[in-house]
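A.B. asks: Sequence:
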Amino acid sequence: MQKYINILKQIDEDFNRSEFYPPAQKEDILRFEKTKGIKIPESYKKFLSLSNGTSLSAGSIKLYGVGSSGFQIGYDFSEHSVPKELIIIGYKDSEHICYYPEKNIFLFYEYQNLEEIEEECISFEDFDEVLEYLADILTS
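Residue 30 in numbering that gives the first Met the number 0 sits at position 31 of the sequence shown; the count goes up by one each step and never skips.
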């Protein structure tokens, strides 16, 4: 995971600049989970322990944190059109980046039917793969 964070941190052109927030403390993550009633997947907790959210590509991609800097996990810019079964952890352009606990996958969601989500959405088994995907997009 740190490998992809380092790649993303090296992107420093104005129109593509990345900003990483200070790491979240374990206590902050646990308090957030308890307060919000959200179980954050372990691979995303690892990311939070390295960066409590980030803004990539000058803000066209955001990964949410559990603190006060930036958006918090669960923020829905679409005014509740994302199924409640998904945990929103960020966005890329008009897609929500979500975790689907029932299927144990991360996915890029853009208003598909929940029944068709696995066929219609780009999905990953681990958050490390999401970071690799984003690093590939932003360095291509």
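Source of the hints: derived by calculation from the structure; they are not laboratory data. Please note that a few of the clues may not be correct.
In silico DSSO-like pairs for lysine-lysine, Cα to Cα no more than 27 Å straight-line [claimed, not checked]:
id: 1; residue 1: K8; residue 2: K83
id: 2; residue 1: K2; residue 2: K33
id: 3; residue 1: K35; residue 2: K25
Derived Cβ-Cβ restraints for the label pairs, each shown as a range [claimed, not checked]:
id: 4; residue 1: D11; residue 2: L113; range: 20 to 28 Å
id: 5; residue 1: T34; residue 2: E78; range: 17 to 25 Å
id: 6; residue 1: E18; residue 2: S139; range: 14 to 22 Å
id: 7; residue 1: K33; residue 2: E84; range: 16 to 24 Å
id: 8; residue 1: E128; residue 2: K38; range: 14 to 22 Å
Quick reminder that beta carbons are idealized off the backbone N, C-alpha and C, glycines included.
A.B. asks: Each hint: holds or not?
C.D. replies: Here's how the hints hold up against the structure:
1. K8 to K83: Violated, at roughly 32 Å.
2. K2 to K33: violated, 30 Å
3. K35 to K25: Given pair K35, K25 holds - Cα atoms ~15 Å apart, limit 27 Å.
4. D11 to L113: 20 to 28 Å: About 39 Å separates the Cβ atoms of D11 and L113, which means 20 to 28 Å is violated.
5. T34 to E78: 17 to 25 Å: holds, 22 Å
6. E18 to S139: 14 to 22 Å: Roughly 21 Å apart at Cβ, these two residues keep to the hinted range, so it holds.
7. K33 to E84: 16 to 24 Å: holds, 20 Å
8. E128 to K38: 14 to 22 Å: holds, 20 Å
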